[in-house]
Amino acid sequence: AQTVTQSQPEMSVQEAETVTLSCTYDTSESNYYLFWYKQPPSRQMILVIRQEAYKQQNATENRFSVNFQKAAKSFSLKISDSQLGDTAMYFCACSGTYKYIFGTGTRLKVLA
Amino acid sequence: NAGVTQTPKFQVLKTGQSMTLQCAQDMNHNSMYWYRQDPGMGLRLIYYSASEGTTDKGEVPNGYNVSRLNKREFSLRLESAAPSQTSVYFCASVDRLNSPLHFGNGTRLTVT
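Quick note, the sequences are listed as chains G and E, same order.
Just so we're aligned, residue 185 is where the first sequence starts under our numbering, counting upward by one.
Just so we're aligned, residue 28 is where the second sequence starts under our numbering, counting upward by one.
Calculated from the structure, these hints are not laboratory results.
It is possible that part of the hints are untrue.
Unchecked claim - Simulated crosslink set (EDC-like; lysine to aspartate or glutamate; CA at most 16 Å straight-line):
1) Lys283(G) with Asp122(E)
2) Lys262(G) with Glu245(G)
3) Lys283(G) with Glu86(E)
4) Lys293(G) with Asp270(G)
5) Lys98(E) with Asp53(E)
6) Lys283(G) with Asp83(E)
7) Lys41(E) with Glu106(E)
8) Lys254(G) with Asp210(G)
9) Lys283(G) with Asp210(G)
Claimed, not checked - DEER-style ranges, computed between Cβ atoms:
10) Thr204(G) with Arg123(E): 28 to 36 Å
11) Met68(E) with Phe248(G): 23 to 31 Å
12) Asp83(E) with Glu199(G): 39 to 47 Å
Claimed, not checked - Examples of chain G residues lying across from chain E (beta carbon under 8 Å, computed):
13) Lys283
14) Ile285
15) Phe286
These figures come from a predicted structure and were not determined experimentally.
Even glycine gets a Cβ: it sits at the ideal position worked out from N, Cα and C.
The whole structure should be built from the sequences, with the hints applied where relevant.
Given below as structure tokens:
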């Protein structure tokens with residue numbers, strides 16, 4: 185069974201600053217991937233970043249990067265130079281054996 | 028290219044009524060998923076179909092049935108709606124295991 189835990193229901197950050205969203209997971213799969221999705225008020229689900237569990241190198245996508253600690257089963261998302269458009273719900277997810285399991289989400293507000 | 032299309036966008040049901048949520052994808056994806064999103068609960072997997080002709084239970088299957096009609100379409104049926112099924116429902120699809128999910132825009136269902 186897979187579980188994904190996001191322990192920060194809400195966070196806020198000043199525009200242009202850096203914020204880190206936490207995620208821990210548990211899985212019995214040996215081949216799995218981890219994802220961060222963004223859900224703005226429009227309700228659309230947007231892929232932010234993906235990490236292959238077999239890769240030690242942390243994934244980066246422009247201002248978004250992850251800190252993947254496989255032994256600790258931790259997968260945090262760092263957003264640098266935060267922008268007002270980053271205001272959204274952020275969901276962490278883990279895939280394996282066709283199941284994609286999501287966490288409960290972190291609501292991020294970027295303050296002007 | 029429409030991606031994943033869900034119908035309807037909004038629906039109000041009375042307790043005990045039945046309805047089917049429709050989902051279709053035009054990306055030739057093999058696997059399809061139904062999730063529900065509730066405040067504080069994140070996205071929870073209801074059912075999924077790893078490939079045409081197969082369906083499997085997710086985390087919260089009770090009260091729902093699904094049909095993988097063909098490779099494109101995956102429907103979710105509520106036989107006797109209950110207020111606890113008030114939620115936003117998302118359909119998603121993926122071409123192969125561990126690739127990112129592609130989501131529809133969701134259906135907001137209210138059961139009174």
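Checklist entry - Measuring from beta carbon to beta carbon, are Met68(E) and Phe248(G) in 23 to 31 Å? => result holds (25 Å)
Checklist entry - Between Thr204(G) and Arg123(E), does the C-beta distance stay in 28 to 36 Å? => result holds (31 Å)
Checklist entry - Given the hint that Lys283(G) pairs with Asp210(G), does the C-alpha gap stay at or below 16 Å? => result Holds. Lys283(G) to Asp210(G) sits at ~13 Å (cutoff 16 Å).
Next on the checklist: Does Glu106(E) sit within 16 Å of Lys41(E), going by the straight-line distance between their CA atoms?
Outcome noted: At roughly 12 Å apart (the allowed maximum being 16 Å), Glu106(E) and Lys41(E) satisfy the hint.
Checklist entry - Taken at face value, is the distance from the CA of Asp53(E) to the CA of Lys98(E) at most 16 Å? => result Answer holds: Lys98(E) to Asp53(E) is near 9 Å, not above 16 Å.
Next on the checklist: Checking one constraint from the list: CA of Lys283(G) to CA of Asp83(E), max 16 Å. Satisfied?
Outcome noted: holds (10 Å)
Checklist entry - Taking only the CA atoms, is the gap from Lys254(G) to Asp210(G) under or equal to 16 Å? => result holds (10 Å)
Next on the checklist: The hint names Phe286(G) as touching chain E; please verify it with the least Cβ-Cβ distance against 8 Å.
Outcome noted: holds (4 Å)
Checklist entry - Going straight from one Cα to the other, do Lys283(G) and Asp122(E) come out at no more than 16 Å? => result holds (13 Å)
Next on the checklist: Hint check: Lys262(G) vs Glu245(G), CA-CA at most 16 Å. Holds or violated?
Outcome noted: holds (10 Å)
Item to check | chain E contact restraint for Ile285(G) - C-beta distance below 8 Å | outcome: Since the shortest Cβ distance to chain E is 7 Å, the answer is holds.
Next on the checklist: For Lys293(G) and Asp270(G), compute the direct alpha-carbon distance and say whether it is at most 16 Å.
Outcome noted: holds (8 Å)
Checked against the numbered hints given earlier, the structure satisfies every one of them.
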